Amino acid sequence: MENAFQLAVKVNGADVAKTVEPRTHLIDFLRNDLGLTGSHIGCEHGVCGACTVLVNGEIVRGCLTLACQTHGAEVETVEGLTESGLIADLQTAFHQRNALQCGYCTPGMLVCATALLTEKPHATREEIREYLSGNFCRCTGYEAIVDAIETTAKNRAAGKQLAATNNAEAA
Amino acid sequence: MKAPSFAYERAESLARACALLHQHAGNARILAGGQSLIPALNLRLSQPDLLIDISQLNELRHITVTATELVVGALTRHADIERSADVKRLFPVLTQAAAQIAHPAIRNRGTMGGSIALADPAAEWPAATLALDMSLTLASERGERRVPADSFFKGIYETGMAQDEMLKSIHIPLPAAGTRSAFGELTRRSGDYAITGAFVTARKSGATLSATRIAFFGVAGQPLLARGAMAALDGTTGDAAAVARAQACLAADLDPIADLYNTPATKLHLSRVLLARLVAQLA
Ligand SMILES: Cc1cc2nc3c(=O)[nH]c(=O)nc-3n(C[C@H](O)[C@H](O)[C@H](O)COP(=O)(O)OP(=O)(O)OC[C@H]3O[C@@H](n4cnc5c(N)ncnc54)[C@H](O)[C@@H]3O)c2cc1C
Ligand code: FES
Ligand code: FES
Chain S
530 MENAFQLAVK VNGADVAKTV EPRTHLIDFL RNDLGLTGSH IGCEHGVCGA
580 CTVLVNGEIV RGCLTLACQT HGAEVETVEG LTESGLIADL QTAFHQRNAL
630 QCGYCTPGML VCATALLTEK PHATREEIRE YLSGNFCRCT GYEAIVDAIE
680 TTAKNRAAGK QLAATNNAEA A
Chain R
113 MKAPSFAYER AESLARACAL LHQHAGNARI LAGGQSLIPA LNLRLSQPDL
163 LIDISQLNEL RHITVTATEL VVGALTRHAD IERSADVKRL FPVLTQAAAQ
213 IAHPAIRNRG TMGGSIALAD PAAEWPAATL ALDMSLTLAS ERGERRVPAD
263 SFFKGIYETG MAQDEMLKSI HIPLPAAGTR SAFGELTRRS GDYAITGAFV
313 TARKSGATLS ATRIAFFGVA GQPLLARGAM AALDGTTGDA AAVARAQACL
363 AADLDPIADL YNTPATKLHL SRVLLARLVA QLA
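These protein sequence lines map, in sequence, to chains S and R.
Residues are numbered in our numbering as their position in the first sequence, beginning at 1, plus a constant of 529.
Residues are numbered in our numbering as their position in the second sequence, beginning at 1, plus a constant of 112.
Hints in this document: simulated from the structure, not taken from any laboratory.
Small disclaimer: the values here were computed from a predicted structure and weren't measured.
Heads up, some of the hints might be wrong.
Which residues of chain S face chain R? A partial, calculated answer using Cβ under 7 Å [claimed, not checked]:
| hint | residue |
| --- | --- |
| 1 | Asn532 |
| 2 | Cys597 |
| 3 | Tyr671 |
Cβ coordinates follow ideal geometry from the N, Cα and C atoms, glycine included.
Chain S with its partners taken away, still in its complex shape (with noise of 0.2 Å):
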């Protein structure tokens, strides 16, 4: 292998430890290398938003970042928020509300969405929209896609209030 390097990472909480070529993006060494094949690649110049996965909790595009760039840092893939519960509800409001046909830009929109419920929990449709602009989809018009985070939003928002009201009963 011309030009290896030694990379150390963590993906979805376990540590990884590869000889990558530096030229290999953070997308394929996810799906090729570590066989995590559920961010996709679309474009392969930063379009799409297929590709979009978490580096230290910031979205990033997986194909304009080096594997080796990641080294030290860790990373998370729709796979790690799926197993860890955390979006369990986004990704039930995407299958409720139809957000999703062929499914291939879902995986992109599941992890920008993810970072936006965090950034702002209480975005409106037009900021919903803005955040989402850098991820496609050519199947879903999009209307139902937001319609799935603004719900999850309110629900999220609800599910708080009401959590709040039941410490103050209790105490």
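We have chain S; now place chain R with the ligands onto it with these hints.
For chain R with the ligands alone, coordinates are given in the frame of chain S:
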């Protein structure tokens, strides 16, 4: 497509990055956020032997207010600028502009220094450096030098930076009392590069404008100051007649070139529309 093969080194200091640049002059590229360089590698528009990764140099990622200027480290990300309270207080046009660059995932990695070093004629930051009269600190093995943004941009993707130099920091003079500014761009879809965009700043005493600066991007081969329009607005109140004179000047100031979808005439017309809107916002 996939990137060609290259060697990679993570620079642990600015000095190391400069030494590597010097040693491999011409065959090495700085890797900052990678949001323009990696697409270029993927499309094989660029085939360097070595990438010098400076993305971990936290000493170059800061936003600092001094008595006379705001200093932004070259590695400060678009998202850092978008979220900075200091930037919002002193230069709200930069906060607005940051939010127009690409999409959140790209803003999380792309840097202000990378955008200025690249000198894409359609990018927001290079034009901002002209409108806000910024200067740039360049570093190399030979030492540091500070250059005014006015003389930095030379053409499409061309700057006054030597092969062994890198951009270290961006200096923005604090606004004089009474300074007003406005930013706007016209795009078809959110996150697209602008068809035309501009930053306008002026000092206002009473209703009269002075020291007007207008920088356009997305219209010509490089970001540029609309000097005729600036002169047409100085000493006026930005009234309809003055705006009309400034709009007339844009034909000579901008001399727009076509892009994939827009003719020079479209670009000139839209730039005139945009200018009137931005001058109205100075009120
Ligand atoms: C889909 C998409 C949409 C985009 N839309 C926009 C947009 O609307 N507006 C906009 O302005 N940009 C846009 N961009 C580009 C983005 O803003 C880039 O982040 C930015 O242009 C480059 O910054 P970077 O840190 O990623 O630089 P890199 O990609 O790492 O580097 C770019 C170039 O600058 C050089 N370089 C980088 N840093 C330095 C330095 N400190 N000193 C010397 N040389 C250096 C590199 O060697 C390289 O040649 C878009 C990108 C994508 C993928
Ligand atoms: S594959 Fe990365 S943005 Fe399209
Ligand atoms: S569901 Fe098919 S691309 Fe979005």
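Was the hint right that S/Cys597 lines chain R, CB cutoff 7 Å? At about 6 Å, which falls below the 7 Å cut-off, the nearest Cβ of chain R leaves the hint on S/Cys597 intact, so it holds.
For the hint on S/Asn532, just tell me whether its beta-carbon gets within less than 7 Å of chain R. With a minimum Cβ separation of about 5 Å from chain R (threshold 7 Å), the hint on S/Asn532 holds.
Quick check on the hint: S/Tyr671 CB to chain R CB, less than 7 Å? violated (12 Å)
In terms of the numbered hints stated before, the structure departs from hint 3 and from no other.
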